[in-house]
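Engineer: Given the coordinates of chain F, work out where chain Z should sit on it, guided by the hints.
So the sequence lines, in the order shown, correspond to chains F and Z. Plus 55 on top of the position in the first sequence (first one is 1) and you've got my numbering. Plus 55 on top of the position in the second sequence (first one is 1) and you've got my numbering.
To be clear, the hints were calculated from the coordinates, so they are not data collected in a lab. All clues stand as given, with none of them false.
Identical copies carry no separate label here, and so any pair may be met within one copy or between two of them.
Below, in silico cross-link-like pairs of lysine-lysine (DSS-like), each with a Cα-Cα straight-line distance of 30 angstroms or less: (1) Lys326 with Lys445; (2) Lys364 with Lys399; (3) Lys399 with Lys326; (4) Lys492 with Lys326; (5) Lys399 with Lys492; (6) Lys273 with Lys523; (7) Lys425 with Lys399.
Just so you know, these numbers come straight off a predicted model, no measurement behind them.
Number of protein chains: 2
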Amino acid sequence: MLFLLSILSLLTCQAALSPVPPDQIFQYIDDHQDEFVQRLKEWVAIESDSSDPTKRGLVDNMMQITKDFILKIGGTVEMAELGEQELSSGKKIPLPPVILAEIGNDTKKPTVCFYGHMDVQPAKKSDGWATEPYTLIEKDGNLYGRGASDDKGQVLALLNAVESVNVIGLPVNVKLVIEGMEEVGSNGLDKIVEEQKDGFFSNVDYIVVTDTPWLSKKPGITYGARGNCYFFIEVEGARRDLHSGGFGGAVYEAMSDLIFLLDTLIDSKGKILIPGIYDDVRSVTEEEKELYKDLEFNLDELQADTGAKRFLYDTKEGLLMHRWRYPSLSIHGIEGAFSGSGTKTVIPAKVIGKFSIRQVPNMDPSIVEKQVTDYLEHKFSERNSPNKIKVTMIIGAKPWLSDMNEPQYLAARKAVTRVFNVNADMIRAGGTIPIAKNFEEVLGKRVMLLGIGGPDDSTHGQNEKISKYNYIEGTKLYAAFLQELASV
Amino acid sequence: MLFLLSILSLLTCQAALSPVPPDQIFQYIDDHQDEFVQRLKEWVAIESDSSDPTKRGLVDNMMQITKDFILKIGGTVEMAELGEQELSSGKKIPLPPVILAEIGNDTKKPTVCFYGHMDVQPAKKSDGWATEPYTLIEKDGNLYGRGASDDKGQVLALLNAVESVNVIGLPVNVKLVIEGMEEVGSNGLDKIVEEQKDGFFSNVDYIVVTDTPWLSKKPGITYGARGNCYFFIEVEGARRDLHSGGFGGAVYEAMSDLIFLLDTLIDSKGKILIPGIYDDVRSVTEEEKELYKDLEFNLDELQADTGAKRFLYDTKEGLLMHRWRYPSLSIHGIEGAFSGSGTKTVIPAKVIGKFSIRQVPNMDPSIVEKQVTDYLEHKFSERNSPNKIKVTMIIGAKPWLSDMNEPQYLAARKAVTRVFNVNADMIRAGGTIPIAKNFEEVLGKRVMLLGIGGPDDSTHGQNEKISKYNYIEGTKLYAAFLQELASV
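So that you can see chain F by itself, here it is in the shape it has in the complex (with noise of 0.2 angstroms):
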């Protein structure tokens, strides 16, 4: 009914103001914000948790609206199947089809493609959740659900923006890539890419993921991440578990070399102890440090969040260098010990450390692979433990860097400039973005992220959130970007 509401408004307002100068649009985007704010709670709605698989139908149902919507929106739409996801269980259950739709195409204007996901992560009120989750509550200026922000929030309002913008005609040829498995690890999409570089990439000039957050309530556009080389450490000693009461003093353990191991990593302030790990980190411009001069971040605020009572770094720069542009180390546990509540007088037989480096550009999986793996074996030979060991790299997922001159990120900055009246923060995330990677090694396209969410979004927690402003100017925010790109 609503839905209704709004196309018959955007005839009229079409028929009226045709063709709508530029700021009008802001103007349009203003007059239907509760209408916005509408579709965003009958999404939120639909508990389309794709690590749930009883929920599955309900990832399809989403699936399902949002092509409708685009539909809507005038554009076409292709369901492309990944075929079936296999369970723990051993049962097979169909996983969502990714959505290739194209909203113009017309070969004299520049196409951009937004990827987003209609999937969000578990929630139930019982988690903790002030509100029901599935149920989008509008307070103090914020909009309360499960996907506000990751990432129904940021896609519907790129959508919003396009809708927006088409009143006037868009200047440029928008494909969507959207898909339902994102919270899990975005099986089949990988596929998808490869199969579709000839096709349905073939003509793209950009490419924009939807799915990140600011740095503060200032807008800031990502233009790298870090990679990850994710490492086990396997130290075995007996052959079965012992009980430390008969053989603590007689053998060997095998937690105490690991734990020996893992204090050789990492010392008391963060540095790295692999000798040769900081060799290939990429030196720190003149240029480059003048973007962190401008990043509107506060360390009280992340202090506040966290609880953390100090940081190992305490300026601005020296934080946001550490998190984003040099590697860091993190232990992140060991499997095979005791890991229960209470107590238990056992020698584990088989510990398996687990630790991984997050690496920045130019250092190299393979390189810190062998720099890893020397260094622990070298460690252990001193120790003269009777015990194996084994390292092993799990992962060695490349750090991503883009360049922020390139046309898409002009075309952002100006947009930011445009709406927000600032520079936007160029930022980096601390995390693997292993989909922007992907992007751009497959496609051999330049990718850019461009959310809308806000540092403080609690997205995969409990209370997650939009603020309205975020929600409402990151609109403008798309609908100038797809202005300005036609531009540039």
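Structural biologist: Same frame as chain F, now just chain Z:
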């Protein structure tokens, strides 16, 4: 049916041979060994797994069968009720009663009280057993089945011995404390011991635990056990788990601090690095050294059994002393960190490292607690981390050491020589035996551990067994012990 035959043969035997000279009791035991094995088969067949609430009825059943058997060999039995056990679900189920039994009550004779248990560890064929765990199978001189050694076989050997000696009349009064919750922590037993201090236990002269293994094929008498000080080191960093992508390089990670602290505890040779920890360890006397010389113990066998490639000490004396009479420290695991298979890029917010020190006379748990806490807090303050630590001693169980020149030890040593024609191995347990310490502390009586298990019985593991040799010769050992005890 077999039981009736047994009683008939007993009566026949008593009529024909009364009074039976001592060595004829051994002959009697040899003559009845098939019947003794059959009894064990019937007891093993009852899945009296105390860890599984759904099997509680089978534990009760086993207690009832034991009671009936004691009645039939001439005892009187009181079933001491323990009340209820509250399960983690909140549901309450009855605890099995404790058997308090008496065979003979001649005030002119000494009274010996034996302790054993009728419950068993869980076992399923699918755990990796070669045969059905609850079907006693005789193969290559061994009797395989859950509980065959721990503890049904040992209790039954004792009862067989009591029955056999009783053919000519018991020279001592025998009391029995038999419980059904030993494998899960002897719930309620302490209470019974406390309550019956001036009742059932008031006339007891000696306490003997029949639930221990020998060190080798040669019989061993256990006169000591190490204590256990179990520690938690809690390190608290951020308020919530953080993503290693977003926060690696920015925060002081709780895991790095914990790994550092755990690595300060022990060196690569098993030496505990906590200052003062060895100060109160009793010196080795010449007399004690002598005891170790005669111990039958083979390092190669232990190596084959455990799969350890090398031990911390390469002599029999060095190894056994460090299992029994020197302290050891084992790191058991970490709670709160990632412990699953696979990869997770988490920076755990709060982690709890778990380790324990097996301590020995004359170490005092309260001194150990202070030494450990002071040391770790000092090490942590040197590290200058903003995270918080809390060191807690969760268990502070004292070591136990008896006097091997007390009458029941002399009687047991004589009995070993009589049955096996060797000197008994005087041994200790590396683990903690709370019941020994508890009997001594509450009742003020000396305790001895005289079990008949083999060192390779795989109690708690797959393919538990007792050798037929240990079971039958062990029956003779208990018979001889009852006789020797009357004359020391």
